[in-house]
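If you're matching them up, the sequences are chains A and B in order. Here this note's numbering is used: the first residue of the first sequence is 7, the next is one more, and so on. Here this note's numbering is used: the first residue of the second sequence is -4, the next is one more, and so on.
Please keep in mind that the hints were generated in silico from the structure rather than gathered at the bench. Among these hints, one or two may not hold up.
What the hints assert, rightly or not - If you want the ones that stay clear, here's a sample from chain A, every Cβ over 12 angstroms from chain B, calculated:
1) Ile33
2) Leu65
3) Val130
4) Gln153
5) Gly184
6) Glu188
7) Arg207
8) Gly226
9) Val259
10) Pro264
11) Val288
Said to hold, decoys possible - Example chain A residues on the side facing chain B (calculated, C-beta under 8 angstroms, incomplete):
12) Ala52
13) Thr185
14) Ala189
15) Leu191
All C-beta atoms, glycine included, are put in the ideal place defined by N, C-alpha and C.
Letter by letter, the chains look like this.
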Amino acid sequence: MAATTRPLTMPGLYRSHVSRRRRGFDIGMRWLSFGAAVLCVVPLAAVLIFVTVNGAAALNPDLITKPTRALGKGGGALGAILGTLQMVPVAALIAIPVGVAGGIYVGEFAGRRSARIVRFAADVMVGVPSILIGIFVFTFLVLPFKQYNALAGSVALAVIMIPVILRTTEEILQLVPGTLREASLALGIPMWRTVWSVVIRTGVGGILTGVMLAFARAMGETAPLLFTALGSRLVNVGDFGKPMDSLPVFIYVNARQPYELLNQQAWGAAFLLLLIVLVINVAVRARTWGGRIGA
Amino acid sequence: MIETAPVGDTPMIDPAGAPHPPPGMPRAAAPAAPAASPGAGLDVRGLNAYYGTFRAIRDVTLRIPERAVTAIIGPSGCGKSTFLRSLNRMHELAPDARVTGSVELLGVDVYDPAVDPVQLRRVVGMVFQRPNPFPTMSIFDNVAAGLRLTGHHSRQELEAVVEQSLQRAALWDEVKDKLKSNGTSLSGGQQQRLCIARALAVDPQVILMDEPASALDPIATLRIEELISELRANYTIVIVTHNMQQASRISDRTAFFTMGEDRAGYLVEFNDTVKVFTNPVHQLTEDYVSGRFG
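Pulled out of the complex, with its shape left as it was, chain A reads as follows (with noise of 0.2 angstroms):
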């Protein structure tokens, strides 16, 4: 058969009834979506408005430089301050090496089998509610001591820093192209060294980031301290066999007076804490900007 031309029909461009309807249909549903967008916008607004409005008054000299007092007599939030700025770096010396190394090894050594499961434990271990790692840690720092003391809140921060920092740092060292590492290989470098000075130089801004990210998360935790470093009156630097305070249990034990006073240093020590894990994932993101793997 020769070919034939195609007849030149005239397909239907124009809009049918139906489809009429359909583009009713989808514009109602695009807007539908659009405000659950919103909504989940909304709540992190509305905390950092209302955390502002509230706190930003009652963030004065006193809260940053004066210890704890008793009740109605002023004071501040010092003890809670200097708590954190040791609880939480010490858990980070726990957390880092732990969990970094894991990371390395999940990522870079294990089998499958034993990758899949050392993943499968560390996901779960994010999803553990953190009032069950503070009771954990309380049957084994606490308990046998009869003393609550700081060294079991920065490890009830550490457990809870670990699955996040091995996570991030497997999935970036898997973002590490294979090629790089091949390349070392064929120069004769050994595996250790080839992880070391090409794989984690590669990917060093996302382990960063994922190390800063369960920092500004173990700031925030207040549960397992209730159970551990419970919180004092007193400012407690450098004992670690002793009680110490920190900005999440100052803020639940302040919020919980019926002192006006106590209240507003509650909101003041608030807003203290959302600024910092803010600059901290603020820091994090920028460095998003700088174009490393992960970074």
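With the hints as your guide, set chain B onto chain A.
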């Protein structure tokens, strides 16, 4: 292997009976580079490579001559890359990968359990299809990486090796004023020559190249080909290529691989490049080099 590399600089003569320069491609003149590694040959015997239960290459036996370019050609999936990676034990890095048979280098079977694959890869270097400079390192550090990450070397020593390697890779003039800039700031062709310089810096005898120009434009490809012809004087080069013109231009010997019924790749023909392309022994080779299949 009872190979005694000829003393003195007579790169034209090859005890393995390889080759005259391929047509239209004069040999590089006596090497301008300082006396380098003698460039050892490889004696491959009964080599099988597996991924789990899948046999990727079957019973390959061939002798790769020293200080010559050996091209590996064949259709996709015929095990060319796997074969190449078996030569410096990169193949075994894949999960469940294993190899049987032997590859002799300077009289040593590289698959002898006593051989350290890490040390082997310093003698048998590799260049990959896509240029893969270390993105966190400067040009200088990229070239120095192989030395710096395997032991202590003085700054002067590193500087000397980096300059020499970049010169051998025909990149020195283009980068000598920006050794501190990032390796990834270079063009694709320059990056590939940087990777070659990086491989040369650890002073290998053999350089394996897995389609080193297939990601590059024609001009950059030409420069890589020129570079390979120059390197031939001092190194044994094995190059996998999809480009038959390239194989005929730059290689002394050509091995043609294809895939069997069981999807395992095997060696069909290994001969002087001129013979493989003008007067092949096997019908399969003729069909392939004349473009009738593959």
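Do the hints match the structure? See the list:
no. : hint   : verdict
1   : Ile33  : holds, 46 angstroms
2   : Leu65  : holds, 41 angstroms
3   : Val130 : holds, 26 angstroms
4   : Gln153 : holds, 47 angstroms
5   : Gly184 : violated, 9 angstroms
6   : Glu188 : violated, 7 angstroms
7   : Arg207 : violated, 5 angstroms
8   : Gly226 : holds, 33 angstroms
9   : Val259 : holds, 47 angstroms
10  : Pro264 : holds, 58 angstroms
11  : Val288 : holds, 25 angstroms
12  : Ala52  : violated, 42 angstroms
13  : Thr185 : holds, 4 angstroms
14  : Ala189 : holds, 5 angstroms
15  : Leu191 : holds, 7 angstroms
Hint violations for this structure: numbers 5, 6, 7 and 12, all remaining hints satisfied.
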